[in-house]
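There are 2 protein chains.
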Amino acid sequence: MINDKMYALGSQRSEIRELFEYGKKRKAEIGEENVFDFSLGNPSVPCPEEVNEAIVSLVRSGNSVSLHGYTSAQGDKGVRDAIASHISRAHGFEVSGDDLYLTVGAAAALTCSLTATVCPGEEVILLAPYFPEYKVFVERTGASVKVVKCTEGSFEPDVDAIRSAITERTAAIIVNSPNNPTGAVYSESSIKAIVEVLNEKSREYGRDIYLIADEPYRELVYDGVYVPFIPKYYDNTIVCYSYSKSLSLPGERIGYCLVSPRAHEHLRVYLAICGAGRALGYVCAPSLLQKAIPYCIGLYSDLSVYDKNRQLLLTNLTEYGFEVVKPQGAFYLFIKAPDGNSKAFSEEAKKHELLIVASDSFGYSGYARISYCVKTEQIEKALPAFRALAERLGLCGE
Amino acid sequence: MINDKMYALGSQRSEIRELFEYGKKRKAEIGEENVFDFSLGNPSVPCPEEVNEAIVSLVRSGNSVSLHGYTSAQGDKGVRDAIASHISRAHGFEVSGDDLYLTVGAAAALTCSLTATVCPGEEVILLAPYFPEYKVFVERTGASVKVVKCTEGSFEPDVDAIRSAITERTAAIIVNSPNNPTGAVYSESSIKAIVEVLNEKSREYGRDIYLIADEPYRELVYDGVYVPFIPKYYDNTIVCYSYSKSLSLPGERIGYCLVSPRAHEHLRVYLAICGAGRALGYVCAPSLLQKAIPYCIGLYSDLSVYDKNRQLLLTNLTEYGFEVVKPQGAFYLFIKAPDGNSKAFSEEAKKHELLIVASDSFGYSGYARISYCVKTEQIEKALPAFRALAERLGLCGE
Chain Z
731 MINDKMYALG SQRSEIRELF EYGKKRKAEI GEENVFDFSL GNPSVPCPEE VNEAIVSLVR
791 SGNSVSLHGY TSAQGDKGVR DAIASHISRA HGFEVSGDDL YLTVGAAAAL TCSLTATVCP
851 GEEVILLAPY FPEYKVFVER TGASVKVVKC TEGSFEPDVD AIRSAITERT AAIIVNSPNN
911 PTGAVYSESS IKAIVEVLNE KSREYGRDIY LIADEPYREL VYDGVYVPFI PKYYDNTIVC
971 YSYSKSLSLP GERIGYCLVS PRAHEHLRVY LAICGAGRAL GYVCAPSLLQ KAIPYCIGLY
1031 SDLSVYDKNR QLLLTNLTEY GFEVVKPQGA FYLFIKAPDG NSKAFSEEAK KHELLIVASD
1091 SFGYSGYARI SYCVKTEQIE KALPAFRALA ERLGLCGE
Chain R
731 MINDKMYALG SQRSEIRELF EYGKKRKAEI GEENVFDFSL GNPSVPCPEE VNEAIVSLVR
791 SGNSVSLHGY TSAQGDKGVR DAIASHISRA HGFEVSGDDL YLTVGAAAAL TCSLTATVCP
851 GEEVILLAPY FPEYKVFVER TGASVKVVKC TEGSFEPDVD AIRSAITERT AAIIVNSPNN
911 PTGAVYSESS IKAIVEVLNE KSREYGRDIY LIADEPYREL VYDGVYVPFI PKYYDNTIVC
971 YSYSKSLSLP GERIGYCLVS PRAHEHLRVY LAICGAGRAL GYVCAPSLLQ KAIPYCIGLY
1031 SDLSVYDKNR QLLLTNLTEY GFEVVKPQGA FYLFIKAPDG NSKAFSEEAK KHELLIVASD
1091 SFGYSGYARI SYCVKTEQIE KALPAFRALA ERLGLCGE
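Taken in sequence, the protein lines are chains Z and R. Residue numbers for the first sequence, in my numbering: 731 to 1128. Residue numbers for the second sequence, in my numbering: 731 to 1128.
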């Protein structure tokens, strides 16, 4: 007599996790160095030394009761103020600590934002390809998912398709740029076009449609590409952020929701997020990590290795005859299945010990995702396998 | 167009929090030392030094990528195994790491356990007085709460009333011993009697009824009182534990669900908890704190100050003519409102700068809760105010 939906979620591993587990098994069989695991989005570079030094200095500071004690549910006020100052400076857009609700990572920021702004029976728009957990998070609220495909090639949002998908039951849209799994960074003109549609449809249906901007990869961009700060363009925006990728702290679960100060029902949305946090069992974000953040604001892990990996893959995979999407951000590369069958492509890659995730998991067929947050050496060693795969698939001669 | 239920939860502060905020304001007005705040259950003693040393040694160990990286969703295997060994030794009851699911504190353990075992439309039994968030957690699952009052005086569970309350829709019962707010520790005979009823009713209705044992205060007991380890008595038990009180780490959010290895659908329940954690946005428990736990297993904060506080309050409040429940555990004292009106009692206490929480918040009228996890000095200084309150209420002469 347990909850079957939860059992299904717990027992059916995601395909990403399934492939990762296969990789572990395979490594045990043929040796770690002979398996090229590109399945997970787990940062491969350490956090800046300042993070660890802040932790040491905080625990050595002598006041354990307050350091490890409950903070207020929305997070320590001083920490929120420090983050708010940084956001205001970085984006030229004034926010205050009272717009921020600190969370146990970006996943919690998403579940709290969705639980706050979505009611059972409503709809949330996802732009495919999308991070698979979005669907889990949306459906848990009792709402349903409406998938809108991005434009193949650029993988920018298809704004006309978004317009057609919005109904009187649309509560929110999730926008994830830099994108997992394509590496696309949505252009300013795309954001402006989405905003126009949201404003038009909000008026038409007499309701606020929330834009939930999932931005764990904000700082992971290449060639100086510009990532529009969405609250500047759309009032009813909630930004979900995490330090998982920028500071390489994915296990520590520290992030935030930023409710735009221009949201029409700012205080009500903010309080609904507090209520959602309470109902889901989030008492506060981990206190030691909260307090370490002000020491590390504006610092980032050394992200240059990701760019090096990106270049290496781009140059060589293209040379071998693969069609790939040039990533502008994040640490994912979207590679086209030559015959359009992503599952068969991922399976064929497996025979060459290349573990890449079929794109069907992301609500989009015909591609596979290569996570290049790995040691550069792994890529160098994997290149002959990619070449052999291309040959097997008839992409390059010899 | 936000979720009104979540807005209500976020905007209506709990009475406990309301009183605490009043206290902060009042302290600013008349001086910190003149307000006697007994509102919150926030540990007042520091964590054992070993916790901080473990944290320092882990961050100095040099492998930041793995230290701060994702663990598996159910928690690091080595950490789970270490906790399982300790539980097995401490209770003479064999459990394995695979029975444990590490959580972001006890609140998360409760929301995950409830989400896993309860379906919309079902019922969960709470024994009043109860921790107010239980109601929030249960109702968020779409189930409803059925409140069964404990026996006044002993504040042991009323087993006949539990029997009458169970229906074919009863999915679970939450048992919290040592209890917040009464300080009662349910006796072995009470636990055995509850188990008998649960077994009888499970048979009658042909379904497993889960016993969710919320045990953050397990180690906070006085006079060597015995706290029955419920999995020994009842197969379908899930223990929710937190290191918040035992190690004074409430802000760090680290705890676990233990699914009894004897649970009839052990694997299904465990996987449903994993699924619930996933759906609620809990990716993993904070990794640094997870990894610090094995260094601190079996250690506890110096809890003797709580016993000292307890004795001081017991002796003096009784002398002043108050009727109090002798606490056997936790750090709460339940004091009777002389005329049965708990709200008026708490308000009258406020006039004497004594901040104690009216028991109505806990689903039980006629009492107030004194949280004595404070400096002993605060109690010493508050005693004249308690005496004056007793005089005002006509409890003692002179």
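You may find that some hints are simply not true.
The list makes no distinction among identical chains, and a pair is therefore deemed to hold if it is satisfied within one copy or across any two copies.
Claimed, not checked - Derived pair list, reagent style BS3-like, types lysine-lysine, alpha-carbon separation capped at 25 Å:
1) Lys1105 - Lys1038
2) Lys754 - Lys1081
3) Lys879 - Lys754
4) Lys735 - Lys876
5) Lys1056 - Lys1105
6) Lys735 - Lys865
7) Lys1066 - Lys807
8) Lys754 - Lys807
9) Lys931 - Lys1056
10) Lys757 - Lys807
11) Lys807 - Lys755
12) Lys754 - Lys1111
Rather than coming from a laboratory, the hints here were simulated on the basis of the structure. Predicted model, so just to flag it, every value in this text is computed and none were measured.
These are the hints, each one checked on the structure:
no. : hint              : result
1   : Lys1105 - Lys1038 : within (10 Å within a copy, 56 Å between copies)
2   : Lys754 - Lys1081  : within (15 Å within a copy, 65 Å between copies)
3   : Lys879 - Lys754   : neither (33 Å within a copy, 52 Å between copies)
4   : Lys735 - Lys876   : both (20 Å within a copy, 24 Å between copies)
5   : Lys1056 - Lys1105 : within (20 Å within a copy, 61 Å between copies)
6   : Lys735 - Lys865   : both (13 Å within a copy, 22 Å between copies)
7   : Lys1066 - Lys807  : neither (47 Å within a copy, 37 Å between copies)
8   : Lys754 - Lys807   : between (43 Å within a copy, 15 Å between copies)
9   : Lys931 - Lys1056  : neither (33 Å within a copy, 62 Å between copies)
10  : Lys757 - Lys807   : between (47 Å within a copy, 19 Å between copies)
11  : Lys807 - Lys755   : between (46 Å within a copy, 16 Å between copies)
12  : Lys754 - Lys1111  : within (18 Å within a copy, 61 Å between copies)
The structure fails to meet hints 3, 7, 9 from the earlier list, while all remaining hints are met.
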